[in-house]
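> Here is how the chains run, residue by residue.
Protein chains: 2
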Amino acid sequence: MPRLVDHELRRRQITGAVRRLIVRGGLEAVTFQSVAAEAGFSVSLVQYYCGTKKDLLLATHRSVMENVGTRFTQRWAALGEDVLPREAIRAVLTELLPLDEQRREETIVLGAFGTGSVTGQGITPEETLTAARLLVSIVADQLVRADHLEPPVHRIDLIAELITASIAGIAQGMIQGHGTSRLALELVDQQLDLVLGSSPRKPSESQELCT
Amino acid sequence: MPRLVDHELRRRQITGAVRRLIVRGGLEAVTFQSVAAEAGFSVSLVQYYCGTKKDLLLATHRSVMENVGTRFTQRWAALGEDVLPREAIRAVLTELLPLDEQRREETIVLGAFGTGSVTGQGITPEETLTAARLLVSIVADQLVRADHLEPPVHRIDLIAELITASIAGIAQGMIQGHGTSRLALELVDQQLDLVLGSSPRKPSESQELCT
Numbered sequence: 001m002p003r004l005v006d007h008e009l010r011r012r013q014i015t016g017a018v019r020r021l022i023v024r025g026g027l028e029a030v031t032f033q034s035v036a037a038e039a040g041f042s043v044s045l046v047q048y049y050c051g052t053k054k055d056l057l058l059a060t061h062r063s064v065m066e067n068v069g070t071r072f073t074q075r076w077a078a079l080g081e082d083v084l085p086r087e088a089i090r091a092v093l094t095e096l097l098p099l100d101e102q103r104r105e106e107t108i109v110l111g112a113f114g115t116g117s118v119t120g121q122g123i124t125p126e127e128t129l130t131a132a133r134l135l136v137s138i139v140a141d142q143l144v145r146a147d148h149l150e151p152p153v154h155r156i157d158l159i160a161e162l163i164t165a166s167i168a169g170i171a172q173g174m175i176q177g178h179g180t181s182r183l184a185l186e187l188v189d190q191q192l193d194l195v196l197g198s199s200p201r202k203p204s205e206s207q208e209l210c211t
Numbered sequence: 001m002p003r004l005v006d007h008e009l010r011r012r013q014i015t016g017a018v019r020r021l022i023v024r025g026g027l028e029a030v031t032f033q034s035v036a037a038e039a040g041f042s043v044s045l046v047q048y049y050c051g052t053k054k055d056l057l058l059a060t061h062r063s064v065m066e067n068v069g070t071r072f073t074q075r076w077a078a079l080g081e082d083v084l085p086r087e088a089i090r091a092v093l094t095e096l097l098p099l100d101e102q103r104r105e106e107t108i109v110l111g112a113f114g115t116g117s118v119t120g121q122g123i124t125p126e127e128t129l130t131a132a133r134l135l136v137s138i139v140a141d142q143l144v145r146a147d148h149l150e151p152p153v154h155r156i157d158l159i160a161e162l163i164t165a166s167i168a169g170i171a172q173g174m175i176q177g178h179g180t181s182r183l184a185l186e187l188v189d190q191q192l193d194l195v196l197g198s199s200p201r202k203p204s205e206s207q208e209l210c211t
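The listed protein sequences correspond, in order, to chains A and B. In terms of our numbering, the first sequence has 133 at position 133, counting the first letter as 1, and numbering is strictly consecutive. In terms of our numbering, the second sequence has 175 at position 175, counting the first letter as 1, and numbering is strictly consecutive.
Worth flagging that the hints you see were computed from the coordinates, not collected in a lab. C-beta: ideal position from N, C-alpha, C; glycine also. Do not take every clue at face value.
Sample of chain B residues lacking proximity to chain A, with all beta carbon distances greater than 12 angstroms (derived) [unchecked claim]:
#1 E8
#2 G40
#3 A78
#4 E87
#5 A88
#6 R104
#7 T107
#8 G120
#9 E126
#10 R155
#11 I170
#12 H178
#13 Q191
Distance condition first, Cα-Cα at most 20 angstroms in a straight line; then the derived EDC-like pairs of lysine to aspartate or glutamate [what the hints assert, rightly or not]:
#14 A:K53 <-> A:D157
#15 A:K53 <-> B:E38
#16 A:K54 <-> B:E38
#17 B:K53 <-> B:E38
#18 A:K53 <-> A:E87
#19 B:K54 <-> B:E66
Derived CB-CB ranges, DEER-like [claimed, not checked]:
#20 B:T31 <-> A:Q33: 43 to 51 angstroms
#21 A:T70 <-> B:S44: 50 to 58 angstroms
#22 A:S42 <-> B:G177: 48 to 56 angstroms
#23 A:L79 <-> B:G40: 33 to 41 angstroms
#24 B:T31 <-> A:E101: 28 to 36 angstroms
#25 B:R11 <-> A:K54: 48 to 56 angstroms
#26 A:K54 <-> B:R133: 36 to 44 angstroms
#27 A:Q74 <-> B:A78: 48 to 56 angstroms
#28 A:E66 <-> B:T180: 23 to 31 angstroms
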């Protein structure tokens, strides 16, 4: 009986190899040769799954977005319907901070794609823009739910945009060595304090730290 | 009489060529051949000024930091001593937004260096970190000067860090197509409203827009 090939697994192995290569050497470290060597496959097998370098990069970008999306959905479901808006926003934002190895890899890869999309390396940021807009609307929904906004918020969308921009800056700053995980979480809380008024910290929050 | 060579001009021509190449194709588009072609020089002339690719990149990074620093100093001097803290911070922050072609180029180049420093492309972020720390301390100094902080600020440094992280996220978001110049300036004002309390907009502020 012929062995069944798990195509989904192979795709994950290939995109996993691409991610590691990007972390070590940027988008330009991705070639069919380097991906094949990293994944332990032949070049032709890699090409069977991804015909062009652009395919390779887009498949990898998609895999990161899927991982983030799955974690997001799970975390969101775990929060329940009674969650406070502040906690909901905080949960969403910390999912995007490089607080462990996987999120660190994701942040670096998405940062490289962000830069690459601007400097004309053949990838379009459409998927990134869609994700960013979704994030803004999730944050805005929670801000609408919050009943003790302080100062009174006339422009929910603008504040949601600001929170989203801040988290991007905090995440990229962390990756580039501007600060620790602890500082990043303090900055998230500071931003939420400014928007929603300060709230006492729970001791459990420090469990999210990896450094 | 032999023609005097303006070394400073040549250096600027070389680093200008590197900047344009990075904007068009990222750090990996920078080779001695491409820089020589872009600058209209011979490869050996480029090598005379910058012996290695790392030298080329570091000289370019330095040139961007010098340009930003010079503009900063001029803008700062123009503000005068009576400037309101909010206006001083706003002036500093908008200097870092890609509101015209030069700042757009700078933002793209610094973003590429930021990504490159993480993905191991042979450049260190030390100079970037120094600039970021300087920016945080400039913002913090102005926050201390502000006498109507709202909510009461116990943690000036943290808020200065947050403002600095936000501007990085706003600038990179703009470059990546997440928003217009107008949105970016609204986000800056929103962040300053949150920190310092809202203040009426002056009509002159729209002059900073390029789109």
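> Return the numbers of the hints above that this structure violates; sort them in rising order.
Violated hints (numbers, rising): 6, 7, 8, 9, 10, 11, 12, 13, 14, 15, 16, 18, 20, 22, 23 and 25; every other hint is consistent with the structure.
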